[in-house]
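Trainee: Make a model of the complete structure from these sequences and hints.
Those protein sequence lines, which keep their order, are chains A and B.
Read left to right, the first sequence gives residues 1 to 994 (this note's numbering).
Read left to right, the second sequence gives residues 1 to 159 (this note's numbering).
Just so you know, not all the hints are guaranteed correct.
Claimed, not checked - Pairs of lysine to aspartate or glutamate residues, derived as DMTMM-like cross-links and limited to a Cα-Cα distance of at most 20 Å, are as follows:
id	chain 1	residue 1	chain 2	residue 2
1	A	K352	B	E22
2	A	K183	A	E221
3	A	K352	B	D93
4	A	K84	B	D140
5	A	K213	B	E78
6	A	K830	B	E22
7	B	K39	A	D382
8	A	K352	B	E45
9	B	K141	A	E122
10	A	K266	A	D211
11	A	K255	A	D290
12	B	K110	A	E124
13	A	K210	B	D75
14	A	K210	B	E22
15	A	K830	A	D139
16	B	K39	A	E346
17	B	K129	A	D193
18	B	K110	A	E221
19	B	K110	A	D16
20	B	K141	A	D290
21	A	K210	B	D73
22	B	K129	A	D382
23	A	K830	B	D73
24	A	K341	B	E45
It should be emphasised that the hints constitute simulated quantities derived from the structure, not laboratory data.
Treat the numbers as computed from the prediction; the structure is a model and nothing was measured.
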Amino acid sequence: MAATMIESLFQRSLEDLTRGLRTQMIGEAKYLSKALDEVKKEIKSTDPNTKAVALQKLTYLNMLQGADMNWAAFHVVEVMSMPKFSLKKLGYLAASQSFHENTDVLLLITNLLRKDLGGKNEYETGLAIECLSRIATPDLARELTPDLFTLLVSSRPFVRKKATVALLRVFSQYPDAIRVAFKRLVEKMVDSDSAVVSAAVSVLCELTLKDPKPYLPLAPEFHKLLVDAPNNWIAIKLVKIFGALAPLEPRLGRKIAEPLCELMRKTGGKTGAKSLLLECIQTVTLGLSDHPVAVKLCVEKLTELMREEDRNLKYLGLRALANLMPAHPWAVAESKDMITKCLSHEDPSIQKGALRLIMGMVSDDNLTETVQVLLQYAHSTDSSFCNELVSVILSTCSKDQYDLISDFPWYVSVLAEIARLPHCEHGEEIGRQLIDIGFRVKSVTSDVLRAGRELLLDPALLDRPSLYGVLSAAAWIVGEYVASSRNPLELIEGLLQPRTKLLPARVRAIYVQAVFKIFVFSASKMYRHDSLSDKLLQREGQPGETADSHSSGQDEAPQRGDDDFSPHGTLASPEEAGQTNQSCLNRTQQGEVVPGSLETMLRLIVENVSPLVRSTDVEVQERACSLIGLVQFFRDVPGFPTVEEKGALQGIDLKEMLDALQAVFEVEIGPVSVHAQGRVVIPEGLTVENLDALGYLHMEEVSEGADEREGHRQWEAGTLFTPQRKAAEVGQADESAALLAQHRQRHESFYLPSDAKPSQNSEDYPPPRIANLDSTAFPSVSSSVSSHVAEESSGSRKPRRSKPRPVVVKLDDEQEETDPSLKLPSRDLKDEFISSAIRDVLAGESRSSNKYHASSQDFERKESSRHRHHRTKPGRSSRHADREPSRDLTKQEAQSGNEGTSTDIVTRPEQSKASSKYRGSNQVEKAQPVAEDEVDHPLAAKPSKSSGKQKHRRSGRHRASGSSLDISSTAPDFLLLRRYEFIVLAELNNIATS
Amino acid sequence: MTIRFILLVNRQGQTRLAQYYEYLSIDERRALEGEIVRKCLARTEQQCSFVEHRNYKVIYRRYASLFFLVGVDGDENELAILEFIHCIVETLDRYFGNVCELDIMFHLEKAHFMLEEMVMNGCIVEINKQNILTPIQLMDKTSNPQFKLPLSSSTFSVF
Chain A
1 MAATMIESLF QRSLEDLTRG LRTQMIGEAK YLSKALDEVK KEIKSTDPNT KAVALQKLTY
61 LNMLQGADMN WAAFHVVEVM SMPKFSLKKL GYLAASQSFH ENTDVLLLIT NLLRKDLGGK
121 NEYETGLAIE CLSRIATPDL ARELTPDLFT LLVSSRPFVR KKATVALLRV FSQYPDAIRV
181 AFKRLVEKMV DSDSAVVSAA VSVLCELTLK DPKPYLPLAP EFHKLLVDAP NNWIAIKLVK
241 IFGALAPLEP RLGRKIAEPL CELMRKTGGK TGAKSLLLEC IQTVTLGLSD HPVAVKLCVE
301 KLTELMREED RNLKYLGLRA LANLMPAHPW AVAESKDMIT KCLSHEDPSI QKGALRLIMG
361 MVSDDNLTET VQVLLQYAHS TDSSFCNELV SVILSTCSKD QYDLISDFPW YVSVLAEIAR
421 LPHCEHGEEI GRQLIDIGFR VKSVTSDVLR AGRELLLDPA LLDRPSLYGV LSAAAWIVGE
481 YVASSRNPLE LIEGLLQPRT KLLPARVRAI YVQAVFKIFV FSASKMYRHD SLSDKLLQRE
541 GQPGETADSH SSGQDEAPQR GDDDFSPHGT LASPEEAGQT NQSCLNRTQQ GEVVPGSLET
601 MLRLIVENVS PLVRSTDVEV QERACSLIGL VQFFRDVPGF PTVEEKGALQ GIDLKEMLDA
661 LQAVFEVEIG PVSVHAQGRV VIPEGLTVEN LDALGYLHME EVSEGADERE GHRQWEAGTL
721 FTPQRKAAEV GQADESAALL AQHRQRHESF YLPSDAKPSQ NSEDYPPPRI ANLDSTAFPS
781 VSSSVSSHVA EESSGSRKPR RSKPRPVVVK LDDEQEETDP SLKLPSRDLK DEFISSAIRD
841 VLAGESRSSN KYHASSQDFE RKESSRHRHH RTKPGRSSRH ADREPSRDLT KQEAQSGNEG
901 TSTDIVTRPE QSKASSKYRG SNQVEKAQPV AEDEVDHPLA AKPSKSSGKQ KHRRSGRHRA
961 SGSSLDISST APDFLLLRRY EFIVLAELNN IATS
Chain B
1 MTIRFILLVN RQGQTRLAQY YEYLSIDERR ALEGEIVRKC LARTEQQCSF VEHRNYKVIY
61 RRYASLFFLV GVDGDENELA ILEFIHCIVE TLDRYFGNVC ELDIMFHLEK AHFMLEEMVM
121 NGCIVEINKQ NILTPIQLMD KTSNPQFKLP LSSSTFSVF
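Mentor: Laid out in structure tokens, this is it:
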């Protein structure tokens with residue numbers, strides 16, 4: 001006794017603890033651990049007060065400092081069971097704070113809770129209800145539902161209110177409770193105490209938002225309450241409920257439009273409750289968007305709100321406008337100025353909201369203007385919003401294969417501008433789009449080249465890692481489209497400028513490759529130019545062969561489609577060019593390679609690329625080696641020979657090699673559909689003998705196409721499939737074909753299905769794409785057709801365009817590719833239970849009103865008898881006891897359910913008239929779920945467990961089908977560049993053999 | 001469940017009162033509090049009172065040196081929660097008389113009980129200030145004075 005006295009005498013209270021914490025000198029962590037040690041000692045005390053205060057301290061240490069209190073669970077139960085209210089309260093507080101479903105002592109508190117729920121003191125009851133509402137597990141909920149059920153009709157509003165709210169948790173843990181207590185919950189909506197009404201509406205609101213459908217039959221009650229809502233809190237919840245219900249039932253929308261408008265009018269102005277107004281607006285935007293009066297009023301109020309300089313209202317207004325956008329774009333367009341102003345707001349979330357709206361308003365008419373405005377903002381804001389702007393611009397403009405864009409040169413310049421923004425971090429995407437536009441929009445190749453050139457020449461961009469994507473793309477572009485360049489030397493200088501040392505190896509590899517291509521282009525152009533002159537022809541004395549090479553160059557020219565700026569065509573036959581096109585001639589003169597420039601190029605290359613031969617990166621090293629190897633042809637004679645001398649010395653070899661290389665590079669790349677290969681029909685009479693040997697090429701092409709869909713050279717049609725070349729290929733390709741057959745066996749899934757053309761023959765690879773060899777500039781017939789279609793449709797849809805939109809190559813199966821994988825909404829199993837129970841209850845209610853009461857009274861009676869039963873047989877394990885009542889309940893309900901069906905037929909005609917105007921509309925909605933339940937189990941007869949299983953199985957099937965959608969074809973990732981290497985090798989081999 | 005948690009935090013970012021309406025482990029709580037408090041305290045007066053964090057919407061309001069943070073579900077009415085925060089402050093004011101951070105620190109349990117009366121399992125149940133305070137005042141009156149008196153005399157009340 002003396003010990004406990006001293007103990008409690010010197011115990012520190014919570015206040016002391018706090019004070020100590022503020023004045024401690026030993027460091028907070030140390031102080032707290034000391035305090036925790038104290039608590040651990042004190043909590044073992046036999047004195048109730050000491051114990052409770054220790055627990056209180058522990059609770060707040062847990063709350064504020066995150067001290068663990070799971071170890072004290074049993075002490076919590078002890079304090080909860082203390083008779084003194086002030087101590088009991090501390091115990092309950094600790095319980096609701098620290099208990100969770102895995103706490104083992106939960107099994108011990110069932111009776112304690114039951115005792116306190118039935119306590120005389122309303123505050124004690126309140127404590128127990130509150131605790132139950134926090135920690136209820138399925139077991140606890142099942143045990144205590146009857147007690148809660150009685151408390152719902154308690155004479156004290158304080159208890160009714162709390163019991164009502166506790167239902168939410170109990171329902172979610174034990175859905176069968178809905179069959180017992182839902183009716184009473186609905187009754188609470190007309191309780192005399194407004195706090196109880198508020199509680200009931202909150203609970204119903206929560207339930208409705210989870211799954212609105214079963215609650216439609218309650219609409220008349222909600223409506224009645226909304227018309228004369230006791231306060232704004234309740235009104236907000238009711239409006240929210242209607243927001244969820246209205247989309248399900250069009251007639252309901254008409255019904256509530258009037259009261260909502262009334263509420264909006266009432267709450268408008270300076271004094272009204274903005275929260276209610278906001279809720280009304282939210283509901284109108286989401287659920288009533290086809291009621292013109294309501295929408296008009298809503299937009300009016302919204303503009304009013306936005307005009308106030310309140311940041312919160314701005315944010316919410318923007319969000320509401322975003323909801324309106326899909327159905328009523330005019331509403332957003334009306335307040336465009338205000339929205340644009342929000343872009344410079346200090347709050348990033350407001351900026352984002354405004355940005356989303358602005359991009360939603362974009363059409364092909366205002367795109368240019370909008371993007372210019374956004375770019376202005378991008379220059380002036382901080383980096384995160386700048387990048388937000390950039391990513392939005394990029395994604396909007398590239399949507400649906402650049403559907404919105406008609407002025408591609410402008411867009412290319414925008415891309416270049418974006419890349420130069422100091423904060424820009426979207427280099428990869430910009431680079432991708434530049435290349436993509438180069439592929440798809442043939443008419444802007446020169447603009448793309450110009451943009452690429454400018455980016456490449458700017459030394460300031462080289463040390464920004466975020467721009468490596470752009471720079472790689474720029475390097476690739478200048479290499480690919482060098483034919484339209486005015487000054488190839490300048491490009492090589494740019495690609496080899498000293499600061500390129502800052503680039504990572506993968507970018508450097510692309511740079512070196514670009515140098516290779518530009519050099520080949522310049523050198524071969526020089527040769528063709530020279531070889532035209534009679535002087536050279538005569539000196540070599542082999543006019544026939546040169547003429548041959550000319551003619552082959554000529555053959556390729558028309559194949560390239562719109563190559564009016566191609567220097568080959570013009571150089572090969574200048575007199576023709578002069579006749580046809582003056583501007584073409586001009587360009588030729590500009591693009592002329594002056595004799596000195598090739599030497600400069602050679603020097604530059606040797607100086608800058610030679611060190612790279614020893615690079616540690618294999619890609620860079622390999623490319624540097626091949627480039628240097630090529631250059632060696634030009635300079636193995638001392639004294640730096642001019643090109644003419646070179647030609648004289650090496651003669652045909654060098655020239656033919658250059659021609660061959662150039663032939664590889666000059667074939668145009670275009671977009672290719674994944675399925676293009678399969679659609680090409682083999683021309684009649686074509687016999688391809690060594691198809692086996694060519695398998696390798698095909699497979700690679702196909703898998704690349706499937707993977708990137710980016711570009712596709714027609715080279716195999718033009719060069720390798722010609723019979724003469726094929727013979728030379730065979731020996732070398734045999735081996736690789738065997739390897740490939742193995743590869744195919746192992747990675748079957750990466751290849752195109754071999755049954756694409758069953759009629760052809762038994763060979764298991766797709767037919768070669770030779771049909772379009774001479775017909776079109778596009779790789780596949782279908783794609784060219786689709787692009788024409790696209791052009792026509794865009795022309796008819798947008799007649800106001802002053803200048804025709806350039807052809808954007810679209811592939812008809814790209815749409816299906818971009819479809820996002822469908823995700824089925826995964827519903828909680830518990831929610832399913834609840835919904836089905838609600839459906840049963842409400843359906844039963846409409847059928848016979850007294851049936852329900854009968855069942856709940858039965859339930860009560862049975863519960864109380866069970867209690868007695870339970871007390872007389874204490875020896876049973878609690879688990880077993882838990883199971884039993886539910887089985888009883890099942891039987892009981894089965895009986896009452898059967899009664900319900902028998903009376904159903906009699907009572908049906910007597911449906912109340914008051915609600916029939918709603919019911920008429922609801923019956924459609926209601927009939928379906930009921931019918932569904934009837935299939936599963938006759939009305940409410942079976943407990944919902946079985947229906948739950950049904951649901952579960954059904955949802956399982958859903959998931960299975962969902963996952964089958966997810967399988968995406970994964971194809972091996974080849975680089976575009978790898979193909980060049982292969983071709984170059986093949987060509988060099990050819991030369992070597994011939 | 002609409003309200004997920006209520007936090008009272010001072011300007012230094014120290015938690016003064018925390019009430020969660022869903023069970024989170026201590027580590028999760030700490031991480032969540034840390035992130036949210038950092039986010040909210042960094043905001044300026046010109047920025048709006050709503051912050052989206054993970055799957056929560058945090059609505060906050062500042063009174064002198066105290067921040068009141070309420071984390072809610074996605075579809076909760078923000079303005080209503082702002083009003084609710086104001087209601088909390090008014091209730092505290094009525095009880096303590098011009099409430100300050102120290103009041104809450106030294107009468108943590110009182111502030112907590114008030115909150116318990118107002119919110120239950122995440123639902124707002126009571127906004128009538130008198131109704132909220134009645135049980136607490138009753139307890140002050142009837143139960144032992146331990147809750148009221150300061151340090152020196154508090155422990156003697158047991159006898």
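Trainee: Are the hints correct? Go through all of them and say.
Mentor: Each hint, compared with the structure:
Taken as a hint, the K352/A and E22/B pair is broken in the structure, with Cα atoms around 30 Å apart against an allowance of 20 Å. Note on K183/A and E221/A: the hinted pairing holds, with a Cα-Cα distance of about 13 Å set against a maximum of 20 Å. The suggested pairing of K352/A with D93/B is violated, with an alpha-carbon distance near 37 Å, which exceeds 20 Å. Note on K84/A and D140/B: the hinted pairing holds, with a Cα-Cα distance of about 14 Å set against a maximum of 20 Å.
For a cut-off of 20 Å, the pair hint linking K213/A to E78/B is broken: about 25 Å separates their Cα positions. Taking the CA atoms of K830/A and E22/B, the gap is near 17 Å; set against the 20 Å cutoff, the hint holds. For the suggested pair K39/B and D382/A, the alpha carbons sit about 18 Å apart, so the restraint of at most 20 Å is met. Proximity of K352/A to E45/B is assessed by CA-CA distance (about 18 Å); at most 20 Å being required, the pair is judged to hold.
Our distance criterion of 20 Å between C-alpha atoms is met by K141/B and E122/A, whose separation comes to about 17 Å. Proximity of K266/A to D211/A is assessed by CA-CA distance (about 30 Å); at most 20 Å being required, the pair is judged violated. Between K255/A and D290/A the alpha-carbon distance is near 13 Å, which keeps this suggested pair within the 20 Å criterion. About 17 Å separates the Cα atoms of K110/B and E124/A, which keeps this hinted pair within 20 Å; it holds.
As the CA atoms of K210/A and D75/B are separated by approximately 11 Å, the hinted pair is consistent with the 20 Å bound. Among the hinted pairs, K210/A with E22/B is consistent with the structure: their alpha-carbon atoms are about 17 Å apart, no more than 20 Å. Distance hint between K830/A and D139/A is fulfilled; the C-alpha atoms sit about 15 Å from each other, no more than 20 Å. Between the alpha carbons of K39/B and E346/A the distance comes to roughly 15 Å, so the proposed pair stays at or under 20 Å and holds.
Taken as a hint, the K129/B and D193/A pair is honoured in the structure, with Cα atoms around 15 Å apart against an allowance of 20 Å. Under the criterion of a C-alpha separation no larger than 20 Å, the hint pairing K110/B with E221/A is inconsistent with the structure, at around 38 Å. For the hint linking K110/B to D16/A, the alpha-carbon distance of about 15 Å falls within 20 Å, and the restraint holds. Between K141/B and D290/A, the direct Cα distance comes to roughly 58 Å. Violation of the 20 Å bound is thereby established for this hinted pair.
Distance restraint check for K210/A and D73/B: the Cα-Cα separation of roughly 12 Å lies within the 20 Å cut-off, and the hinted pair is therefore satisfied. Proximity of K129/B to D382/A is assessed by CA-CA distance (about 45 Å); at most 20 Å being required, the pair is judged violated. A C-alpha spacing of about 19 Å is found between K830/A and D73/B, which places the hinted pair at or below 20 Å, so the restraint holds. Distance restraint check for K341/A and E45/B: the Cα-Cα separation of roughly 19 Å lies within the 20 Å cut-off, and the hinted pair is therefore satisfied.
Comparing the model with each numbered hint stated earlier shows that hints 1, 3, 5, 10, 18, 20 and 22 do not hold.
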